[in-house]
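A.B. asks: Sequence:
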Amino acid sequence: MTAEEFHSALQEATNFPLRSFVLPYLKHTLPSLQRDLSNAARANNQIRRSHKTAMRITVTADS
Numbered sequence: 001m002t003a004e005e006f007h008s009a010l011q012e013a014t015n016f017p018l019r020s021f022v023l024p025y026l027k028h029t030l031p032s033l034q035r036d037l038s039n040a041a042r043a044n045n046q047i048r049r050s051h052k053t054a055m056r057i058t059v060t061a062d063s
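With UniProt numbering, letter number 52 in the sequence shown gets 52, and the count goes up by one each step, no holes.
Think of the hints as simulated: they come from the structure by calculation, not from any bench. Mixed in with the good hints, there may be bad ones.
[Claimed, not checked] Cβ-Cβ distance ranges computed for the label pairs, FRET-style:
#1 Leu37 - Glu4: 36 to 44 angstroms
#2 Phe6 - Asn44: 17 to 25 angstroms
#3 Tyr25 - Arg49: 13 to 21 angstroms
#4 Thr14 - Ser38: 22 to 30 angstroms
#5 Ala40 - Leu10: 18 to 26 angstroms
#6 Asp36 - Gln11: 23 to 31 angstroms
Ideal placement from N, C-alpha and C gives every residue a C-beta, glycine not left out.
Go ahead and model the full structure; you've got the sequences and the hints to work with.
C.D. replies: Take a look at the structure:
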C-alpha cells in the first residue's frame, strides 16, 4: 500500500480530512515502518518454527 493509498483510506475510514503535513510524513516514515514490520514478522516466524521443532522433539522423546 502506498502512502497516498493509506492517506486516502485513513481519511475515508475516519471521515476526517488530514492535515497537509501527514502525506509527506507518511512518505518519509512508511518505508522504515514496513521494513520493521517485515523484520518482526520474519523473527516471529523463526520463533514459531523453533517452538514447533522443540515440541516435536519433546513429543517424540515422550513416545
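A.B. asks: The structure should be examined with respect to each hint, and the outcome stated for every one.
C.D. replies: Verification of the supplied hints:
1. Leu37 - Glu4: 36 to 44 angstroms: For Leu37 and Glu4 the Cβ distance comes to about 19 angstroms; the hint is violated.
2. Phe6 - Asn44: 17 to 25 angstroms: holds, 23 angstroms
3. Tyr25 - Arg49: 13 to 21 angstroms: Since the Cβ atoms of Tyr25 and Arg49 sit about 36 angstroms apart, the hinted range of 13 to 21 angstroms is violated.
4. Thr14 - Ser38: 22 to 30 angstroms: The hinted range 22 to 30 angstroms holds for Thr14 and Ser38, with Cβ atoms some 26 angstroms apart.
5. Ala40 - Leu10: 18 to 26 angstroms: Holds - the Cβ-Cβ distance for Ala40 and Leu10, about 22 angstroms, lies within 18 to 26 angstroms.
6. Asp36 - Gln11: 23 to 31 angstroms: The hint (23 to 31 angstroms, Cβ to Cβ) holds, given that Asp36 and Gln11 are roughly 24 angstroms apart.
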